[in-house]
Structure formats: C-alpha cells, structure tokens
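Chains as they are written, first to last, in our numbering: chain A, 1 to 281; chain B, 1 to 114; chain C, 1 to 344.
Mixed in with the good hints there might be a few duds.
Lysine-lysine pairs mimicking PhoX-like chemistry, simulated, CA-CA at most 25 Å apart [what the hints assert, rightly or not]: (1) A/K161 <-> C/K89; (2) C/K44 <-> C/K241; (3) C/K58 <-> C/K44; (4) C/K44 <-> A/K158; (5) C/K206 <-> C/K89; (6) C/K331 <-> C/K58; (7) C/K44 <-> C/K89; (8) C/K279 <-> A/K125; (9) A/K96 <-> C/K89.
In case anyone wonders, no lab produced these hints; they're calculated from the structure. This structure is a prediction, so every number in the text was calculated from the model and none was measured.
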Amino acid sequence: MSEALGFTAADSATRISAGEAITPEELRSAGAQADEDTARYALILGDDSLILAQRLGHWISRAPELEEDIALGNIALDLLGHARFFLTYAGTAWGKTEDDLAYFREEDEFRSARLVEQDNGDFAKTIARQLVFSFYAHELYRRLVDSSDQTLAAIADKALKEVAYHQDHAGQWLLRLAGGTDESRQRMQAGLEAVWAYVEELFADVEPTAELAGTGVAVLPSSLRENVMNGLRHLIDQAGLEMPDVKAAFGADRTGRFSEQRGHILTEMQVLARRHPGATW
Amino acid sequence: MSKPTTDQVPDGGVVAEDPADHSVWPLWEVFVRSSRGLSHVHAGSLHAPDPAMALRNARDLYTRRNEGTSLWVVPAAEITASDPDAKGGYFESAQGKSYRHATYYTQSEGVPHL
Amino acid sequence: MATHTPQLHAVDAPGEQITAEAQRAADDARLGWERFQELIEQDKRVEPRDWMPNNYRKTLVRQVSQHAHSEIIGMQPEGNWITRAPSLKRKAVLMAKVQDEAGHGLYLYSAAETLGTSRDQMYQQLYTGQAKYSSIFNYPARTWADIGAIGWLVDGAAITNQVPLCRASYGPYGRAMVRICKEESFHQRQGWEILYTLSHGTEEQKQMAQNAVDRFYGPALQMFGPPDDESPNSQQSMAWKIKRFSNDDLRQRFVDMIVPQAEALGLTLPDPDLKWNQKRGHYDYGDLDWEEFFSVVKGTGPLSHQRLAHYRAARDDGAWVREAAAAYAAKQAEADRGSALLRA
Chain A
1 MSEALGFTAA
11 DSATRISAGE
21 AITPEELRSA
31 GAQADEDTAR
41 YALILGDDSL
51 ILAQRLGHWI
61 SRAPELEEDI
71 ALGNIALDLL
81 GHARFFLTYA
91 GTAWGKTEDD
101 LAYFREEDEF
111 RSARLVEQDN
121 GDFAKTIARQ
131 LVFSFYAHEL
141 YRRLVDSSDQ
151 TLAAIADKAL
161 KEVAYHQDHA
171 GQWLLRLAGG
181 TDESRQRMQA
191 GLEAVWAYVE
201 ELFADVEPTA
211 ELAGTGVAVL
221 PSSLRENVMN
231 GLRHLIDQAG
241 LEMPDVKAAF
251 GADRTGRFSE
261 QRGHILTEMQ
271 VLARRHPGAT
281 W
Chain B
1 MSKPTTDQVP
11 DGGVVAEDPA
21 DHSVWPLWEV
31 FVRSSRGLSH
41 VHAGSLHAPD
51 PAMALRNARD
61 LYTRRNEGTS
71 LWVVPAAEIT
81 ASDPDAKGGY
91 FESAQGKSYR
101 HATYYTQSEG
111 VPHL
Chain C
1 MATHTPQLHA
11 VDAPGEQITA
21 EAQRAADDAR
31 LGWERFQELI
41 EQDKRVEPRD
51 WMPNNYRKTL
61 VRQVSQHAHS
71 EIIGMQPEGN
81 WITRAPSLKR
91 KAVLMAKVQD
101 EAGHGLYLYS
111 AAETLGTSRD
121 QMYQQLYTGQ
131 AKYSSIFNYP
141 ARTWADIGAI
151 GWLVDGAAIT
161 NQVPLCRASY
171 GPYGRAMVRI
181 CKEESFHQRQ
191 GWEILYTLSH
201 GTEEQKQMAQ
211 NAVDRFYGPA
221 LQMFGPPDDE
231 SPNSQQSMAW
241 KIKRFSNDDL
251 RQRFVDMIVP
261 QAEALGLTLP
271 DPDLKWNQKR
281 GHYDYGDLDW
291 EEFFSVVKGT
301 GPLSHQRLAH
311 YRAARDDGAW
321 VREAAAAYAA
331 KQAEADRGSA
341 LLRA
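Next up, chain A with everything else stripped away, as it sits in the complex (with noise of 0.2 Å):
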C-alpha cells in the first residue's frame, strides 16, 4: 500500500502498527482452562465489560465534539477487549465461545452490575458512571495482577493500564464539568446522584467471587471500597461538588434483582445472534 501512495520512509508520524499486547484470539489458542468457579468468576468481569461497551458504543456520532466521539470510542474497544478476554476465559469451562455467551444467555444468567446498565443519560451522568466504574476497574485489576490464575493475572494486566486511561478521562471532564458552567455543575451533580445507589452492589462479595478470594484467585469486592471511595471523595471534593447522599439501592447481589434495562440491552445486542442460531459472521 505504501508504495503505490508514495509514502516516504521519514514519515514517521503516520508509521502504524498492531502493537504487540495479548489478543482474546491468543488466549483462546493458548489453550489455558478454567474450572467452574473461575470460569463464573470471568463471567461476572467479563459482564460489567460488556455491557458498559455496548452502552458507550451508542455514543458515537453523538459525543458534545469529534474529538470526544473518538476518546469514548477507544474506551468502549478497551472495555469490549476486556470483555472478549473474560468471556473467551469463561467459555473454556463449558466448552463455550465468547459468542455463545454474549449472544445465547438469558436475562438472568447476566451478572452485570446495575450500575453499567444504567442508561447513558446526558454527557455528566455518562462521566459519571465511567468514573465510578474506572475507579472501581482500577482498582480491582491493580489487585487482580496477582492473582494465583495465570490468565485472570494477564489480562488484568493488560487492561490495568487502559483502565488507568479511562480513569483520567472520567476525572478530567468531572473537574471541567464542575468548574465549567452553573448549568454543567449542576448536571455534573445531578450525574453523580443518578449513579449514586448503585456504587455499593460493585462491593458485595457475591457467590463464587467470595470463596475464590480465599484461594488468592479473586479479589474481595468489599475489599476495594475503602480505596475507591476515598479516591472518588477525593476527587469530587477536588472538583467542588458533593458527595452523593444517596442510600444504596436494595439487592446487590448482580443475580435475582438486576435493573430493567438489562432486558432492553440484551434485547438489542443478540436480536440478530439469535435470529440465525448457528450461523457464523
């Protein structure tokens, strides 16, 4: 290609490349297995993932500007490769691709967290969810880098540093949004009351998660909470805005008592998966 467009050698700054990270392609050839628990344990990961991603892929060609189209774009890809990763680790269990489980679970096999399904809303609430879930993601695959499994350590490795990015992201917009406008200050408060009551369901130590932590494979979800919550207070005070003082919402278990738009989400992403059961794309 380059040569028939005359590229010249000392054009570095368009010299591209695929880089050298994992790839959920690689996983899958590397032929790591997982037993049941971690292979539950992927799925609830690979679930939050997967359904922030779908929710910030409507954002594009509706960002406030171009270049915000992009930056949500990249953090969606990031947050979709995690999700393939988690997936394709879950799907070795059952002898499952990570297709079978986006597309071929029920409502009610979702363990996504009520705070990733929560619609996008405006611009703040959209920041507001992202930094609550980053800081939560940070913190989590900060930890999960030790993990006693191989692959769940790899990949939270891998993501650790995208999650560190998405994490400025959230908290650059929630410093211009606060100290932006009266009308940006108030959606920005407005965003974080919206999200509010479901932050603590990110800290239950839910079924298999619980026991796995106490073999070193999974980290304790109410372990992170003191770090996240000092982090996110610190920045909110940063910016000039309040705390939410909003009670958490009931039942945050990830299981029986997940939020009405899961259905809407999950309605929309495998209407056409599984109107062609078996075929491939």
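Based on these hints, arrange chains B and C on the given structure of chain A.
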C-alpha cells in the same frame, strides 16, 4: 499557462486571520515521536479547550495505531512562521554555499576515513 | 495557524494615483500568482501561507469540507449496527471503523481550516443543511449485510477516489489523504470479509448479502460524481491538480476492480449490461439512475432528514459540554495569570 502580466493576476491572496478564532475550542498542532531516537514530527491538528485535553485528544486521535511514544501539543496561535519562499529571500542565503557541504571538497577523494 | 499578513486583493488598475502601498500589494499579488502557477506546473505542493487564487481556495474548501461532512454523516448508517453486531469481534471491528471515520472527518476539517474556514463555520453549514455530503449516506443500512456492502463498495469507491488525492496539489489535503488511505485499507477488506462469510453461510445469509449488494452497487458507482460531460467543476480542479483523474475514469477503474471481487464472493452485480469489452480493455456497465442521484443530492434521499436531525441533536445536546469546557479553560487561564502576577 502563459506568462502572466500584472493585469492577468486573478483575485486571490493569503489567509488573513486565524480561523480558529471562530471556534469554541481553540486549534492545536500535534507532534508525534514515533519511536525513541527520532524527532517529534507534525502529525496534524485538533480542537481542545485546554492543554490537558489537547494532549488527551491527541493521544486518542493520532496514536490509535501505535504511531507514537511521545506527543507534543502546541496552540496553533502560538506558532510564529516564516513567510512563504515566494516572498523574497528568506532562504536565498543558504543557496549557492556549497562549501558548507562535504561533497564540495573533492581533493580528498579516495583518502581513507576523510 | 495564525498568520498576520494582510489580505491581498486582486489588482484592479488603480488609475492615475497609484499609491506606494497599492503598488506593493500589486507586486506581491503578481509574485504570488507567478509562484502559484510555477508550483502547479512543476507538480509541487501549495502550502497554507502561500498566495493562491480565491477560486482555488474556494474549490478546495468546498471539496474538502464536503469530504469531511461525508465522513461525519457516514458514521450514522454504520453506527446504527454497533449495538446489534452479531459477534463481539465484528462489534469491535465496526466500532473501530466508525471511530476512524470521526478521525477522518477531523483530519479533513483540519486541512480545510488551513484555508481560512473554521471548523465551527463548516459545522454550521452542515447543521443548517447548506452543505452537501456524499449522497450514498442518505440510504439506510437495513441489514447486517449492508455493513459488508458499505465496507466493500462504498469504502472501495472512496479509496479509489482518495488514493490519487494523496497527490493533490494542496499540501494539507494530500497529507490528510495519506493518513486516511493508510487507515482505510482495513475498511474495505473487513466489508468484503463480512460479505464473504455471509455468502458462504446459510441460504438466508447469502440472500441478505446479495440483497445488500443489489441496493448499494448503483449508489456506490455514483459516488464518483456525475458523468464527465455534466461535471462543470471537474476540469478546473484537474488543471489545478486537485483532482488527478476524471469522474468517469475513476468509476471505470472501480468497476474493473470489483467485477473479479464479486466473482470471488460468489455474488452477482445487479447490472445486466456489465460485460468485458475486449476492444477497450475494460468492463462496460449500464446506465445509472442520475435522476435519482441529483434528487438525493438536493436532499430527497430516503434518510436525508433523519441524518441531519441526528447530527443536529448531537450538536445541540453537546453545546453545554463544549461551553463548559471552554469556560473552565478560561477560568484556569485567568487563575494562572493571577498567580503569575502575585509572584511578580
């Protein structure tokens, strides 16, 4: 095209003002270092409200395919540029001074390490 | 980039009283014009701060901004399938592709900005419906196979158009096109691969693929613009080396390219007149529906209104965010100035 005379010069000119003055977010120029050991090279431009966001946007826009290991962003309005080469002798002085170049000195041809 | 050179005007003979300043402006203009012609003749590049004829500038702003608008509106038909992509891999590919289009729009707007028109001004033209963009994006992406057809045919046509533009006489445009062409090389391939997978899948999938190709073939061929004898601006653009090949030449090149590709897909191109012409060494193809084309260009496309409404909603919904970030930056700059004064 025939040799122009003054009265054949069509309506034309140069840009007189910074178009970015009409934008809510100012314009930034982006420079990318593709790998260690190389210079930063101009990659393009973008709009951003402030330096931190300009840098973020540059990362998201100009390094999606591993194009860079380092980035600079500069407010476009802060760049002072030379006049185009058509307008007088800005770069004329460097012409014709071949004695500044090693190839000018031919006597030493064939002498090792010189 | 900011320049502080005063606007030079055309030289209208100022009569008896030639002031020194007018004479200098006239000399500068003549020098600029000579230099411009020399650059074009010698196939060199014109750069932002060079003197250029107003019509050259206008033609470029029109072409580059239309191109940028096409990338931006072009995000919509494909974006429509991001949430429903049938596999996670395809979802990732599509997301990356639509995101690339935002980037390409951005590169092109930047190139146009060097000509003195701000991005916000160009946005405004699109927002108010004054600006044109490629009419193909006013057609709906109805099925998943349309994503394949858009990649293979629409991006394929775009690339055929764009590769010669990498050598456009205006430097920033050419450089933007180089970057775009490099990035787009995956767009056409992924589209072809989607169609290949479908045409080798279930009977229903194959039907879906054929149906998409049937709908996108004609509009894709029309992406090269009207036939040469109905394209008034083309000749001047070619003389200025903005365009390198005529609409019909590029269209022919594209047809010759896609016929074997369609065969490899096992799909049929919906044109009964399509056949190899030994004498010309090219494929002949049938007449295109230009009446529909010109009508769609004028805003009667099936989804013209929807596309514009979507764009406007995004701009409107984002206005408070853009203002907030600008306000924050202004406050920060003010605070920095304040603390600098305190230190002094």
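So, going through the hints one by one against the coordinates:
1. Taken as a hint, the A/K161 and C/K89 pair is honoured in the structure, with Cα atoms around 22 Å apart against an allowance of 25 Å.
2. Between C/K44 and C/K241, the direct Cα distance comes to roughly 10 Å. Compliance with the 25 Å bound is thereby established for this hinted pair.
3. For the hint pairing C/K58 with C/K44, the CA-to-CA distance comes to about 20 Å; that is within 25 Å, so the pair holds.
4. The straight-line distance between the Cα atoms of C/K44 and A/K158 is roughly 46 Å, outside the 25 Å bound, and the hint therefore fails.
5. At roughly 20 Å between alpha-carbon atoms, C/K206 and C/K89 fall within 25 Å of each other, so this suggested pair holds.
6. The suggested pairing of C/K331 with C/K58 is violated, with an alpha-carbon distance near 37 Å, which exceeds 25 Å.
7. At roughly 43 Å between alpha-carbon atoms, C/K44 and C/K89 are farther apart than 25 Å, so this suggested pair is violated.
8. Taking the CA atoms of C/K279 and A/K125, the gap is near 64 Å; set against the 25 Å cutoff, the hint is violated.
9. As the CA atoms of A/K96 and C/K89 are separated by approximately 15 Å, the hinted pair is consistent with the 25 Å bound.
The structure does not agree with the numbered hints 4, 6, 7 and 8 stated previously, though it agrees with the rest.
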